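*Asks:* When you get a sec, could you build the whole thing from the sequences and use the hints?
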Amino acid sequence: MEKDELKEIKTRILIVDDHVELREMLREAMSLTGFECLTAGNGREALECLVGNTVDIVLTDIKMPEMNGLELTEHIKQKHDVGVIVMTGYTDDFSYEDIITKGASDFMVKPVAIPELSLRIKRVVRERALLRERNHAMERLRESEQRYQELSITDGLTKLFNSRQFYAVLHGEIERSNRYDHPLTVLMLDIDDFKKYNDTYGHLEGDRVLARFAEIIRECLRQTDSAYRYGGEEFSVILPATKGEQGIVTAERVRIALKNEIFKPRPDKDIRVTVSIGLAQHARNEEMMDFLRRADRNLYKAKASGKNQVCFSQQP
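Following the working numbering, the numbering of the sequence shown begins with 1 at its first residue and continues without gaps.
Bear in mind the hints are in silico, worked out from the structure with no lab data behind them.
These numbers were taken from a predicted model, which means no experiment stands behind them.
Do not rely on the hints blindly, as some may be mistaken.
No farther apart than 30 Å at their CA atoms in a straight line, the calculated lysine-lysine pairs in the DSSO-like style are these [said to hold, decoys possible]: (1) Lys264 x Lys195; (2) Lys307 x Lys195; (3) Lys63 x Lys259; (4) Lys159 x Lys110; (5) Lys159 x Lys301; (6) Lys63 x Lys10; (7) Lys307 x Lys264; (8) Lys10 x Lys102; (9) Lys10 x Lys243; (10) Lys63 x Lys196; (11) Lys243 x Lys264; (12) Lys259 x Lys102; (13) Lys122 x Lys77; (14) Lys303 x Lys259; (15) Lys122 x Lys110; (16) Lys110 x Lys10; (17) Lys259 x Lys243; (18) Lys63 x Lys159; (19) Lys79 x Lys63; (20) Lys159 x Lys196; (21) Lys63 x Lys195; (22) Lys77 x Lys243; (23) Lys196 x Lys243; (24) Lys63 x Lys110; (25) Lys10 x Lys122; (26) Lys243 x Lys159; (27) Lys159 x Lys79; (28) Lys196 x Lys77; (29) Lys264 x Lys303; (30) Lys243 x Lys110; (31) Lys264 x Lys159; (32) Lys303 x Lys196.
What follows is a list of derived Cβ distance ranges for each label pair [said to hold, decoys possible]: (33) Met25 x Gly172: 41 to 51 Å; (34) Glu45 x Glu215: 30 to 40 Å; (35) Asp268 x Met25: 49 to 59 Å; (36) Pro267 x Asp207: 30 to 40 Å; (37) Tyr96 x Glu139: 34 to 44 Å; (38) Glu215 x Ala113: 35 to 45 Å; (39) Ser152 x Glu215: 14 to 24 Å; (40) Ser118 x Asp92: 20 to 30 Å.
We put the beta carbon where it would ideally sit given N, CA and C, even for glycine.
*Replies:* In structure tokens, the structure reads:
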């Protein structure tokens, strides 16, 4: 897909803020950068607007009367396939974990820097352009599902693609990243102390953890992303058109979701399981195995630093 094709895509933003001046300032600034903007003064108006309009991303203040930004985000995620960026000037009242757990794609601290906000929103344009291309590929994949199953590219337990397919898809995404100069991020995920869990509660209970974790990963991804069982208790995720910093948001969403899950290997046992995640952003023309080694190194750092955390390094 050529860069001039990306410019033709019109992204529609819904700005939600009960402060009229800030709302209009954001609308004017975003309009000047080429976005189509809608506005709402509160959460109820925002939900009504989403019913009657196609919106790509919602920018919402966090402190509003009647329905705050986190409650609005929950409502949006239940019924709409829309990205949400939460804006707040109250970092002492709302934690990063609160915001991400509710389903927000990102958040920014007020006062918002317009250039930075514009760059984050433009990420949606790239994703939509790539989504059209990927939808055609996914349609062909569905048509060939039986053939792919015969080639054993899926993991029977988790229903995710296996490592063989991971390498094939990653190779194609790296080529696309180099050709169109789009970012590409990969996550390597490893369930903490899984051998101990298996030894204590048995392989059947361990399999239940693996299957549920696969579901959690899928629930945390976009349509453009893909997840794989890499081997044993290790999983991998490919995030096209995604910078490392945005990959951290996805990784944290997965980490928090698993941490909040309760497993019952025995009737009298409530067990929480955690995951360590390493990620890397592809460097232009970098070899695939070098790319994966960097993600693996970051996974090792996450494990060595105490587990249940995400590790990302900017250095290739």
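*Asks:* Give a verdict on every hint.
*Replies:* Hints versus structure:
1. Lys264 x Lys195: Roughly 17 Å separates the two Cα atoms, so the pair holds.
2. Lys307 x Lys195: It holds: about 14 Å lies between the C-alpha atoms, which stays within 30 Å.
3. Lys63 x Lys259: holds, 27 Å
4. Lys159 x Lys110: violated, 42 Å
5. Lys159 x Lys301: Satisfied, since the Cα-Cα distance of roughly 29 Å is no more than 30 Å.
6. Lys63 x Lys10: holds, 29 Å
7. Lys307 x Lys264: holds, 22 Å
8. Lys10 x Lys102: holds, 27 Å
9. Lys10 x Lys243: holds, 22 Å
10. Lys63 x Lys196: Distance ~44 Å between Lys63 and Lys196 Cα, so the pair is violated.
11. Lys243 x Lys264: violated, 37 Å
12. Lys259 x Lys102: holds, 14 Å
13. Lys122 x Lys77: Roughly 21 Å between the alpha carbons, so the hint for Lys122 and Lys77 holds.
14. Lys303 x Lys259: holds, 15 Å
15. Lys122 x Lys110: Holds - the C-alpha atoms of Lys110 and Lys122 are around 19 Å apart, at most 30 Å.
16. Lys110 x Lys10: Given pair Lys110, Lys10 holds - Cα atoms ~26 Å apart, limit 30 Å.
17. Lys259 x Lys243: holds, 24 Å
18. Lys63 x Lys159: It is violated: about 41 Å lies between the C-alpha atoms, which goes past 30 Å.
19. Lys79 x Lys63: holds, 22 Å
20. Lys159 x Lys196: holds, 24 Å
21. Lys63 x Lys195: violated, 44 Å
22. Lys77 x Lys243: Cα-Cα ~23 Å, so holds.
23. Lys196 x Lys243: violated, 34 Å
24. Lys63 x Lys110: holds, 12 Å
25. Lys10 x Lys122: holds, 10 Å
26. Lys243 x Lys159: holds, 27 Å
27. Lys159 x Lys79: holds, 25 Å
28. Lys196 x Lys77: Between Lys196 and Lys77 the Cα gap is close to 35 Å, so the pair fails against 30 Å, i.e. violated.
29. Lys264 x Lys303: Holds, because 25 Å separates the two Cα atoms, which is no more than 30 Å.
30. Lys243 x Lys110: holds, 22 Å
31. Lys264 x Lys159: holds, 22 Å
32. Lys303 x Lys196: Given pair Lys303, Lys196 holds - Cα atoms ~15 Å apart, limit 30 Å.
33. Met25 x Gly172: 41 to 51 Å: Given a distance of about 42 Å, which is inside 41 to 51 Å, the answer is holds.
34. Glu45 x Glu215: 30 to 40 Å: For Glu215 against Glu45, whose Cβ atoms are near 34 Å apart, the range 30 to 40 Å holds.
35. Asp268 x Met25: 49 to 59 Å: About 57 Å separates the Cβ atoms of Asp268 and Met25, which means 49 to 59 Å holds.
36. Pro267 x Asp207: 30 to 40 Å: violated, 18 Å
37. Tyr96 x Glu139: 34 to 44 Å: holds, 37 Å
38. Glu215 x Ala113: 35 to 45 Å: Check passed, 37 Å falls within 35 to 45 Å.
39. Ser152 x Glu215: 14 to 24 Å: For Glu215 against Ser152, whose Cβ atoms are near 21 Å apart, the range 14 to 24 Å holds.
40. Ser118 x Asp92: 20 to 30 Å: At roughly 27 Å between Cβ atoms, Asp92 and Ser118 fall inside 20 to 30 Å, so the hint holds.
Checked against the numbered hints given earlier, this structure breaks hints 4, 10, 11, 18, 21, 23, 28, 36; the rest are met.
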